Amino acid sequence: MPDLLDREIRTALRVDGDERLARAELRRQIGRLEAQLGSLFADAFPRLRIDAGVAAVSNEPRALGLGDLEAVRDSLAMRIGDARRQLQERGELETRNRELLGRMLTAPAEHKWLRISRADVGEPGCGHWHSRPRLGPLGMLMGWWRVRVSSGCPLSGRLAAVERER
Amino acid sequence: MGAGAADSEPGWEPSSTLGWVAPHVAAEFPGLGISWIEIDGRPGRSPEPVERRLGETSNRFYGAHAIHMRERPIPWAYRVFFRQIGLDPDRTRTPVEQLALDRLQDGGFKTRGLPADALTIATVETGIALRAFDAERLDGALCIRDSAPGESLEGRPGELSHGTLVIADERAPAGLLFGATGEGRGVGRGTRRIAIAAVQVDGVPQIAVDEALWMVATTLAV
Numbered sequence: 001m002p003d004l005l006d007r008e009i010r011t012a013l014r015v016d017g018d019e020r021l022a023r024a025e026l027r028r029q030i031g032r033l034e035a036q037l038g039s040l041f042a043d044a045f046p047r048l049r050i051d052a053g054v055a056a057v058s059n060e061p062r063a064l065g066l067g068d069l070e071a072v073r074d075s076l077a078m079r080i081g082d083a084r085r086q087l088q089e090r091g092e093l094e095t096r097n098r099e100l101l102g103r104m105l106t107a108p109a110e111h112k113w114l115r116i117s118r119a120d121v122g123e124p125g126c127g128h129w130h131s132r133p134r135l136g137p138l139g140m141l142m143g144w145w146r147v148r149v150s151s152g153c154p155l156s157g158r159l160a161a162v163e164r165e166r
Numbered sequence: 167m168g169a170g171a172a173d174s175e176p177g178w179e180p181s182s183t184l185g186w187v188a189p190h191v192a193a194e195f196p197g198l199g200i201s202w203i204e205i206d207g208r209p210g211r212s213p214e215p216v217e218r219r220l221g222e223t224s225n226r227f228y229g230a231h232a233i234h235m236r237e238r239p240i241p242w243a244y245r246v247f248f249r250q251i252g253l254d255p256d257r258t259r260t261p262v263e264q265l266a267l268d269r270l271q272d273g274g275f276k277t278r279g280l281p282a283d284a285l286t287i288a289t290v291e292t293g294i295a296l297r298a299f300d301a302e303r304l305d306g307a308l309c310i311r312d313s314a315p316g317e318s319l320e321g322r323p324g325e326l327s328h329g330t331l332v333i334a335d336e337r338a339p340a341g342l343l344f345g346a347t348g349e350g351r352g353v354g355r356g357t358r359r360i361a362i363a364a365v366q367v368d369g370v371p372q373i374a375v376d377e378a379l380w381m382v383a384t385t386l387a388v
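These protein sequence lines map, in sequence, to chains S and D.
For the first sequence, the numbering used here gives the first residue as 1, with consecutive numbering after it.
For the second sequence, the numbering used here gives the first residue as 167, with consecutive numbering after it.
Hint data in this document are derived by calculation from the structure and do not stem from the laboratory.
Model, not experiment: these values are computed from the prediction.
Fair warning: there could be bad hints in the mix.
Stated by the list, open to error - Residues from chain D shown here face chain S by an in silico Cβ test under 7 Å; the list is partial:
hint, residue
1, E194
2, I233
3, H234
4, R236
5, E237
6, R245
7, V246
8, R249
9, I251
10, G252
11, L253
12, D254
13, G329
14, T330
15, L331
16, L343
To be verified - Derived CB-CB ranges, DEER-like:
hint, chain 1, residue 1, chain 2, residue 2, range
17, S, G91, D, R322, 40 to 50 Å
18, S, C126, D, E214, 37 to 47 Å
19, D, E320, S, H128, 51 to 61 Å
For every residue, glycine included, the Cβ atom is placed at its ideal position computed from N, Cα and C.
Could you build the full structure based on these sequences and the hints that come with them?
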């Protein structure tokens, strides 16, 4: 009973209880941030490779203390911030490229030899738009420019045939 | 390889045993648990039906599955737990993510014999983290606890740092939680009885754990 009245021990007990709650809250935050990072990772693929890595704070599995949990939480939050910024920058670049593609389709002669891939405008698959002269050198001299659209990804059958030839 | 004669009878259903978690570890990680089943059997080449099923599992698994895996509840729960115990799941992969990576790199789930193929099928189907031990080398019930001062993992030099989370029997650690297995504790040539352990973390429903263990048991019984 005298121990219970000891002020230092009571404080220590309360701190321990508070720390456990704090650790639980940090673990909850880590779970929420991990979900956000996973969602960003999936949204960005394959346009952008999001770095979801957060350095391990331990070589072996262990119950982390407050400081380590905070470090993991903060690193995750930083990763999410970086990922959002990269996604936004990528989105802006793709928007600019789509606008450029629109101008190129309208006036190919003003965008000579310009080549824009589907990846550049955030579309899946292979292929590109290429501003080229009709009839080669003659078209260049005459100013007959047009946009050629590539036929897309090579067919798997053709790739297999190439492999067989090797 | 197959389950014991009695186990193979029609209507047989494997019953899992619930292990325990050290109270202070359970207080830190609510939802953490371990269940296991024991099956008579030896390691060896997978029979044709198991290899076929492994192939079918490969054919149903695409790159998109791997990309969106971390958004699914069970793989997400293991990723979160890895973060919470100080591991980086992009370096030390969760079991299901490691299998997904192997699938993409190898072009399919390569057969590694039994019981590994059974664990692969069940892990990919359910997302549950499974481990195989030599049941005859286990002493009593399995548990998850932190290592005591001076404890070590068999076959590994040096002591475990105090507080390392381990899967242990009543004698000593049998393996790190999501890490190396102690030497002689895993399934080897001399194994006659296999213990399959499932590690459950917060957010993983018990029914998924039961399903994973059932899937392994029925695959090993082929």
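Right, here's what the structure says about each hint:
1. E194: holds, 5 Å
2. I233: holds, 5 Å
3. H234: holds, 5 Å
4. R236: holds, 4 Å
5. E237: holds, 5 Å
6. R245: Hint on R245/D: holds, closest Cβ of chain S at ~6 Å, below 7 Å.
7. V246: holds, 4 Å
8. R249: Holds, about 5 Å.
9. I251: holds, 4 Å
10. G252: Status holds, d = 3 Å.
11. L253: holds, 5 Å
12. D254: holds, 4 Å
13. G329: This hint holds: G329/D lies near chain S, its Cβ roughly 5 Å from the closest one there, short of 7 Å.
14. T330: T330/D check passes; min Cβ-Cβ to chain S is 5 Å, inside 7 Å.
15. L331: Holds. Min distance 4 Å.
16. L343: Holds. Min distance 5 Å.
17. G91/S - R322/D: 40 to 50 Å: With a Cβ separation near 48 Å, G91/S and R322/D satisfy 40 to 50 Å, so the hint holds.
18. C126/S - E214/D: 37 to 47 Å: holds, 39 Å
19. E320/D - H128/S: 51 to 61 Å: With Cβ atoms ~58 Å apart, the hint holds.
The structure agrees with every numbered hint stated previously.
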